[in-house]
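Protein chains in written order, with our numbering: chain U, 1 to 249; chain F, 1 to 350; chain B, 1 to 508.
Among these hints, one or two may not hold up.
[As the list claims (entries may be wrong)] In the SDA-like style, the derived pairs of lysine to any residue whose C-alpha atoms are separated by at most 25 Å in a straight line are:
no.	chain 1	residue 1	chain 2	residue 2
1	B	78	B	202
2	B	479	F	247
3	F	151	B	112
4	B	479	F	55
5	F	209	B	169
6	B	479	F	300
7	U	132	U	62
8	U	132	U	89
9	U	175	U	224
10	B	479	F	327
11	F	151	F	253
12	F	327	F	317
13	U	132	U	167
14	U	132	U	143
15	F	209	B	373
16	B	479	F	229
Simulated from the structure, these hints should not be mistaken for laboratory data.
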Amino acid sequence: MTAVLAVQGLSVVAGRQAILEDVSLELREGEILVVAGPSGGGKTTLLRTLAGLVAPTAGEVRVGGVLASAARRVIVPPERRRIAMVFQDLALWPHLTVHGNLAFGLAAQGVARGERARRIAEVLDWVGLAGKAARYPGQLSGGERQRVALARALVLEPVALLLDEPLTSLDVAIKSELLDLLRGLLRTRRVPTLYVSHEPREASALADRLVLLEAGRVSYSGELATLAHEAKTTFGRLFAASFPAPPSG
Amino acid sequence: MSPLAGRRLGLLVWAGLVPSLAVVGLASTGCKGTCRPGGDEVVIYTSVDQVFSAPVFWEFERRTGIRVRAVFDTEETKSTGVVNRLIAEAARPQADLFWSNDPVRQLLLVQRGLVEAYLSPNAAGIPPEFRSADGAWTGFAARARILLVNKELVPDADVPRSLRDLADPRWRGRFAIANPLFGTTTMHVAALFDAWGEAEARAFLDSLKANGVRIASSNGEVKRLVVAGEVAIGLCDTDDGNEALEEGAPVEIVYPDQDGTGTLVMPTTVVIIRGGPHPDAARRLVDYLLTAGVEQTMAEQAAHMPLRPGVPAPPGVRPVTGLRAMKVDYGRVATEMERIQPWLQEWVGL
Amino acid sequence: MVVAGAAAAAAVFVLPPLVQVAVRLVAADAASLGLLEHDRLWALLGRSVAIAGAVTLLASFAGIPLGLFFARARFPLKWPLFAVHLLPMLLPPFLPALGWFHLLGRSGLLGSAATSAFLFSVWGLAFVLAAALTPIVTTLTMLGVRGLDPSLEEAGRLAARPLAVGLRLLVPAAWPAIALGAVLVFTLAFSEVGVPMLLRVVVYPSAVFARLGGLSFAPSEAAVLLLPLLPVAAGLFAAERWLIGTRPFEVMGLRREPALPLFSGRGALLACASCVGAAVVSALPFAGLLRQAAGVQAGEVLAWAGSSPLNGLLAGATAATIALVLALPLGHGLARGSRPARLADGVLAAGFFVPSAVLGVGLIAAWNRPWSVWLYGSMLILVAGFVTRYAVIAVRTVAAAVRQTAPSLEDAASVSGAGYVRRLLLVVAPVHVRGLAAAWLLVLAFSLRDLETAVMYYPPGGEPLTVRIFTLEANGPPKVVAALALAHAGVTTLLLAGALLLARWRRP
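Make the full structure from the sequences, and use the hints.
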C-alpha cells in the first residue's frame with residue numbers, strides 16, 4: 001500500500017541554520033500520526049514543507065505516491081495537493097463569515113453552489129457549529145474558532161489533514177471537549193492525519209503511531225507503547241513518562 | 001462575502017477602472033461640452049500672464065467658434081518654461097503659436113528654425129522696429145522695465161531716477177531684482193550689456209551685489225516685497241507696478257533713465273510654430289491678436305502699452321510714443337542673453 | 001507570473017522617461033560634466049540634504065506622538081481636528097507657504113521685521129515645509145498603530161505607563177509605516193522647488209531647475225546635476241531597507257481595538273492639547289488665505305477655475321486606480337519577498353526620487369512620439385506622469401499593510417486549493433481593504449498636490465487646479481488666487497472626510 005504522504009531524507013535549511021535534517025516518515029491510510037517534540041524542533045516547518053508552503057533543501061515529499069517536492073523545488077503547488085491544514089494561529093479569514101471561510105476552498109475546487117451548501121452544513125453539524133454559519137470569526141469564542149478551523153479543513157475532503165498544535169492556548173475544559181470531538185471525527189471519517197503537538201496527553205489520546213522530532217532530527221518513530229522502553233533521548237523518556245495512565249477496565 | 005465574490009470583486013475593479021479610463025479618454029479629446037466633436041481648435045503656448053491672456057482667448061472663441069487650448073507659463077519658470085517645452089517638442093510640434101511676453105524668447109525659436117513666417121495684414125500699423133520684416137515675428141502690446149518705489153520708505157526727494165542709483169550705498173540691502181536667469185530680468189541685463197558694453201555692465205551688476213541686492217524668485221515677488229515694505233525699491237515690469245497701484249499700495253512707478261539711455265520697452269510677440277497641427281486657425285488667431293482691439297484690451301486690462309499710435313490707453317498707461325525708449329536690437333540682445341548666461345549663473349551663484 | 005506582469009507594466013510607465021534622462025546623461029559633453037567641479041554645487045547639495053534632514057526630524061518629533069495620540073486617545077472632536085491637521089499634506093506646499101507669507105511677512109497679520117527675517121531664511125523654509133509635511137508622519141504612525149494586535153498594547157499596559165507603552169511598544173511595532181513616513185517627508189522636502197523659490201532660499205533642486213528653466217535649454221546639464229543625487233537616493237534606499245527591511249511583524253489579531261483608550265485623565269488632556277495645537281498650526285496659513293480671499297465674487301472664482309478642478313481629479317483618480325491595480329500584486333510581492341516585486345519597487349522608487357523637472361523632460365521625450373500622440377497632448381499624459389511618480393507610494397502602502405498580517409491567512413487559502421489570483425483577490429485584497437483604500441487615496445492626494453511634474457507637460461487647456469493656481473498667481477487677482485487655493489483645500493477636505501469615514505468603518 002502506498003503511503004498517503006511520504007517524506008524521504010528531508011532537510012530544510014534557513015540561512016545557515018538547519019531546521020530539518022534528513023527526516024523520513026510516512027503517513028498511512030486512515031492513521032493518525034502524532035509528531036511531537038520540544039519547541040523549535042522543526043515540527044511546524046515539517047508541516048509547511050508537506051503542505052508545499054516551503055521548498056525542502058534536500059530530500060523529497062510524495063503525496064499519494066506522486067513526487068510533490070524535491071530539493072529546492074515545489075513541484076505540486078499547495079493548492080493542488082488536496083492537503084488540508086489547521087494552523088497554529090488558525091488563520092481564519094477575518095473578512096469572511098464562517099460559511100465564507102468554509103466555502104472558499106470549495107469554490108476554488110469548483111464545487112457547485114448547492115453541493116457546497118450541503119457539505120458545509122454537514123461539516124458544521126459535525127463540529128457542533130450548526131446555526132453559526134453567518135457569524136464572523138471576530139464574533140466567536142476561542143473554542144468555536146478552533147472548530148471553524150477544523151471544519152474548514154475537513155470540508156475539503158482532503159487526502160490528508162495536517163494539524164499544527166491546534167489546541168494550545170485553550171482552557172482545560174474546552175481542550176478535552178475538543179480532543180474528544182477530534183478523536184471521534186478522525187476515527188469515524190478515517191482521514192489520514194498528521195498531528196503536531198508537544199502535549200503527551202494529546203498524543204496518547206490520538207496517536208496510532210508517534211514520531212519524535214528533536215533539533216530537526218527524528219529521534220523516535222514507532223508505537224506509543226514501546227516509547228518508554230526504546231526512547232533514546234531525555235525528551236523521549238520524559239514524554240513517555242507523562243502519558244496519562246490507561247483507563248482502567 | 002461569499003466565495004463567488006471573486007467574480008463580483010473583479011467586476012468591481014473593472015467597474016472602477018473602465019469608466020475612469022473612458023471619462024479621461026473623452027476628456028482627452030479636448031471637447032468638454034462647449035465644442036462640437038470635430039470642431040476647430042488651435043493650440044497656443046503663451047508666457048503672457050494667464051490673467052490677461054485667457055480673456056483674450058475667450059473673446060476669440062466667442063467670435064470664431066474656434067476653441068483655444070492654451071498652455072500658460074508660470075511665474076516661476078517665467079518665459080522659459082514654454083520655450084523649453086516648444087524646443088523639447090520640436091520633433092513633433094504640439095503647439096500652433098507662441099505668444100511671448102517679451103521680444104527675445106521667440107528669437108530662440110526663430111534661430112532654431114522652428115518658426116513659420118507669416119505677414120499678417122493686421123501688422124501694418126505696428127512700427128517696424130517692433131516686428132521682423134519677413135514676418136517671422138510680430139510685436140504688439142508692450143511692457144517696460146520700471147523701478148517700483150515704496151513711498152512710505154522713500155521720501156520724494158530721494159526717489160531714484162536711474163538704474164545706476166541702485167548702486168548708491170543709501171539703498172544698501174533695501175532693493176530687490178528678480179533672478180536674472182529667468183524672465184524679463186535676463187533680457188534687461190542683456191540689453192545693458194549690449195548698450196553699455198561688457199565691462200561697464202559687469203561692473204554695474206557687481207556693484208549691485210556689493211550693495212546687498214536681494215534676489216527674488218520673480219518680478220511678482222519683487223512687487224510683493226516692495227508692497228510689503230520688505231525692500232524700498234524693486235526692479236520689475238510695468239504690469240507688476242500697475243498691480244501694486246491697483247492694490248492701493250503706497251508705491252510710485254519710475255520709468256528710469258528718461259534723461260539718459262531711456263527705458264527698456266518690451267513688446268509681447270507672436271510667432272507661428274512650423275509644422276503645428278492647425279495652421280489655418282493659427283493664422284486667424286495671429287490676425288486677431290494683432291487687431292487694435294486686442295492692444296486696447298491689453299492696455300485696459302493688463303496695463304500694456306499700445307505700440308500703434310492712436311490706440312486709446314487708460315490713464316496710468318504711458319503710450320510708447322510718449323516715452324524715451326532704450327535703443328535696442330532685439331536680435332543682438334537675444335545673442336547677448338545666451339552669451340552672458342555662464343557669467344550670470346556665476347553671478348547668481350550657480 | 002502576475003507579479004512579473006505587474007512589474008513589467010510598472011516598468012513601461014517608469015523606464016521610458018528615465019531612459020530618456022539617461023540618454024541625455026550619456027550625451028553630456030565635457031562642459032556639462034565640468035559643472036561637477038564647482039565647490040558651490042556640493043555645498044548646495046549639502047545644504048539641501050541638511051534642510052531635508054531637519055524637516056524630517058521636525059516632522060518626526062511632532063508627527064510620531066501626534067499619530068499615537070490620534071490613534072489611541074479619546075477626546076471630543078478628534079476626527080475633525082485630525083482632518084484639519086492633515087489638510088496641508090494634501091496641498092502643494094506653496095499654498096500654505098503663501099498663507100504663512102500673509103501671516104508672517106512684514107505686513108502680514110502677525111508680521112514684523114523679525115518674523116519676516118525668520119520666514120525668509122533656511123529656518124523659515126524648514127518650518128514651513130515641516131508644518132506642511134508633518135501630517136504624513138502623523139497619518140502613517142496612526143495607521144501603523146491602529147493596525148497592531150491589541151494584545152500587544154494590553155500586555156504592555158500591565159507593565160508600564162501609557163506613554164512608555166506608546167513610545168516603546170507601539171511606535172517600534174508600527175515602525176515600517178513610520179519609517180515610510182520619514183522617507184516620504186525627506187524626499188518631498190528634498191525635491192521641493194516652489195517653497196524655496198518663494199522664500200528665496202537657494203537649494204539644489206532649484207539649481208537643477210535653473211539649468212532647465214534657464215535661458216539655454218540644457219537637459220544634459222540638468223541630467224549631469226542628477227549625478228550627485230545618486231548617493232542621496234542610494235542613502236535613502238539603504239536607510240529604508242535598514243529601517244523597514246523584512247522585520248517580522250506582530251500579527252493582526254482577530255480582535256479589533258483595545259476597549260480602553262491608551263491615554264486617559266492627564267494623558268488624554270496632553271493628547272488633546274497636542275492635537276489642538278497641531279490643528280491650529282495646520283489651519284493658520286489658511287486663515288491668512290481666508291483673509292486674503294474675503295469678499296471675492298463666486299462667479300469670478302468659477303470662471304477662473306474652469307474645468308481645472310475636474311482635470312486634476314479625473315487624472316488623479318485614474319492614476320490612483322492604475323497604481324492600485326499595480327500595487328496589489330507588487331505590494332503583496334514586496335511584503336512577501338518576491339524578487340520581481342522588489343525590482344519593480346526599485347524602478348518605481350526611481351520615478352519618485354528623480355527631480356520632477358528632469359522627469360518632466362524625460363516624459364516629454366518619451367511620450368511625444370507619432371505613435372503615442374493619443375497619450376501625449378491628452379489627459380492621459382497627466383495620468384502617465386502621476387503613475388510614474390507616485391505609484392511607488394501605493395506599492396509601499398500595500399506592502400506595509402500586508403507585512404502586518406500573518407502569512408498563514410494566505411497559506412490557509414493556498415492549502416484550501418486557491419491559486420495565486422484567487423488568494424490575491426479574495427483573501428489579500430479584502431483583508432487589507434483599508435490599506436488598499438489608503439493607497440488609492442494617497443496616490444490621489446499626491447496627484448492632487450502635484451505641481452512640479454504636471455506643470456512641465458500638462459495638455460493644452462487641460463491643466464489641473466494646482467497648475468491653474470500657480471499660473472494665475474502671476475499677477476492674477478490675489479483674492480481669486482486665494483479663493484482658488486481655498487477651493488482646492490475644500491475639495492481635498494471632502495476627500496479627506498470620505499477617507500476618514502472609510503477609516504472608521506470596520507467589519508463586524
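Against the structure, the hints:
| no. | hint | in the structure |
| --- | --- | --- |
| 1 | B:78 x B:202 | 39 Å, violated |
| 2 | B:479 x F:247 | 11 Å, holds |
| 3 | F:151 x B:112 | 19 Å, holds |
| 4 | B:479 x F:55 | 18 Å, holds |
| 5 | F:209 x B:169 | 55 Å, violated |
| 6 | B:479 x F:300 | 20 Å, holds |
| 7 | U:132 x U:62 | 37 Å, violated |
| 8 | U:132 x U:89 | 20 Å, holds |
| 9 | U:175 x U:224 | 21 Å, holds |
| 10 | B:479 x F:327 | 39 Å, violated |
| 11 | F:151 x F:253 | 10 Å, holds |
| 12 | F:327 x F:317 | 20 Å, holds |
| 13 | U:132 x U:167 | 21 Å, holds |
| 14 | U:132 x U:143 | 13 Å, holds |
| 15 | F:209 x B:373 | 47 Å, violated |
| 16 | B:479 x F:229 | 20 Å, holds |
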